[in-house]
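Enquirer: Letter by letter, the chains look like this.
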Amino acid sequence: MTKQEILKAFQDAAVEVLGVERDTITPSASLVADFEADSLDVVEVLMLVEEHIGVSIPDEFWEDVENIGMAIDKIEALVSSTAP
Amino acid sequence: MISPHRRVAITGLGVKAPAGCDIETFWETVRKAESVAAPITRFDVSDFRVRFACEVRHFDPSERFDYRTARRMDRVTQLAVAAALDAYEDAEPAVEDPARAGVVFGTGTGGIGTMYEQVKRLIAGGPDKVSPLLVPMTMSNAPPALVSMEVGWTGASLTISTACASSAHAIGHGFRMVATGESDVVLAGGGESGIEIYSLAAFSRMGALSTRNDDPTHASRPFDAARDGYVMAEGAAFLLLEDLDRAEHRGAQIYAEVLGFGQNSDAHHITSPSPDGSGAERCMRAALSSAGLVPEDVGHVNAHGTSTELNDLTEGLALARLFGDRQVPVTASKGVFGHLMGGGGAAEAVVATLSVRDGLVPATANHENLDPHLSIDVVTEERVQERPIVLSNSFGFGGHNASLVFGPAPAA
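Chains as they are written, first to last, in my numbering: chain A, 1 to 84; chain B, 1001 to 1412.
Possibly wrong hints are sitting among the right ones.
[As the list claims (entries may be wrong)] Calculated pairs, DSS-like style, for lysine-lysine (alpha carbon to alpha carbon, straight line, at most 30 angstroms): (1) B/K1129 / A/K74; (2) B/K1129 / A/K8; (3) A/K3 / A/K74; (4) A/K8 / B/K1032; (5) A/K8 / A/K74; (6) B/K1129 / A/K3.
[Unchecked claim] Sample of chain B residues with no beta-carbon within 10 angstroms of chain A, all distances over it, derived: (7) T1025; (8) R1051; (9) R1072; (10) E1092; (11) A1094; (12) P1132; (13) A1156; (14) R1176; (15) G1207; (16) R1250; (17) R1321; (18) G1359; (19) L1370; (20) L1374; (21) E1386.
By construction, these hints were calculated from the structure, which means they are not laboratory data.
Note that this is a predicted model, so its numbers are computed, not measured.
Glycine residues also receive a C-beta, built at the ideal position from the N, C-alpha and C atoms.
Please model the complete structure; the sequences and the hints are all you need to start from.
Expert: What follows is the structure, encoded as structure tokens:
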């Protein structure tokens, strides 16, 4: 799975949950700081990202994530470490 | 009986209902006395034994809410908050102290459509597939919470749940909040989004609904001999209740005055009313007593009149006993717009309010032949209101009864 595919999953999820423009969801963007997402929004976005990329991610995984780029890096590492 | 210190004016109205999504359209539809029931369009009903209802057809949440706000609301909340904001804007209440302004909402269940969708996700995918919005979208207090947030009022905000009497109780409670001085203004009303797969299946299985699928517009027949059940409806309605002195001082429009409220319980059965209508009768007497009135003062009754066998029989018996030899005109709005369940009392309170304002008694749709067990005067052609007082009834599963009394605004 490429970083671009994971970014697309975030864009799809953020468009659906937050109603934002797709191209505003960039690696440097923060759902909370830039889009005023509350904790419920964030959980919804992450649920949809999991569905889109077909990977189950534990809640603790997100604790030190500050922006979408960091999330993409962590997901890419997780997927490659668990790939068959 | 309560001893109100202050009189309570109705200075704003809002509806998102099958008969209309603005007050004048709603009122015109009610006065036409023609049913708005039609085949259900919101989901596939081919497997259902009941396939028609009174849907809210001309409600677009995006006219009132941005995408994100609307998405986080169940349909009942969208309908309710929009109706409440209409009533608020209608009244322009100019609240100086938000702590003296409250919201009281009545509903039977809350966000039942969301509940159904999320239970499907839970069963299909397990606990981690349930939305974090499940609780805030389904809790029955979401609508008043969001109304309070929208208008910034910090007084009491609550939901009352007494099945089909819910919103009449909400208006009664709001009336008391203003009358006793706790609040200066209260948005009081209710709503229900009952045209959902879950609710339609459930009420069908009870045998509560009319099955006149081949003739929906003649299905809701209050007090008629050929009635066979109620017609499911959805929607919401709100009244802005205000201290009468305050309303007069600021030169507000006053539609009507809330004069009294009665409430009690049948203590009889979880769905059936007391067989002789004694609970309903006591409730109406309590409402009139709280208003300092007697049955002879009543100009007409806006009955609960669901078109079910048991409600219309027992309510009709209660009305006959309450008024004795005097035939008091009885109208039942559910003939036009069906049964909004938790929202019914509020929708009918709007009808009663406008009846008082315009001095008329709207006709009952589809009433052709009175149930032979009854002796009451059901209005089938619009009449001039001869005495200005209107009594409005709402009764809910569980034996919860509520009656409201409305009268004209003081002469200017």
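Enquirer: Does each hint fit the structure? Answer for all of them.
Expert: Structure-based check of each hint:
1. B/K1129 / A/K74: holds, 22 angstroms
2. B/K1129 / A/K8: Within the cut-off at roughly 21 angstroms; holds.
3. A/K3 / A/K74: Given pair A/K3, A/K74 holds - Cα atoms ~10 angstroms apart, limit 30 angstroms.
4. A/K8 / B/K1032: violated, 54 angstroms
5. A/K8 / A/K74: holds, 15 angstroms
6. B/K1129 / A/K3: holds, 24 angstroms
7. T1025: holds, 30 angstroms
8. R1051: holds, 32 angstroms
9. R1072: violated, 8 angstroms
10. E1092: It holds; B/E1092 is separated from chain A by about 30 angstroms at its closest Cβ, greater than 10 angstroms.
11. A1094: At roughly 30 angstroms from the nearest Cβ of chain A, B/A1094 sits farther out than 10 angstroms, so the non-interface label holds.
12. P1132: violated, 4 angstroms
13. A1156: Non-interface label on B/A1156 holds, nearest chain A Cβ at 25 angstroms vs cutoff 10 angstroms.
14. R1176: holds, 35 angstroms
15. G1207: holds, 39 angstroms
16. R1250: Fine: 36 angstroms to the nearest Cβ keeps B/R1250 off the interface.
17. R1321: Answer for B/R1321: holds, closest chain A Cβ roughly 53 angstroms.
18. G1359: At about 47 angstroms from chain A, B/G1359 clears the 10 angstroms cut-off, so the statement holds.
19. L1370: holds, 53 angstroms
20. L1374: Holds, since 52 angstroms exceeds 10 angstroms.
21. E1386: holds, 54 angstroms
Hints 4, 9, 12 from the earlier list are contradicted by this structure; the remaining hints agree with it.
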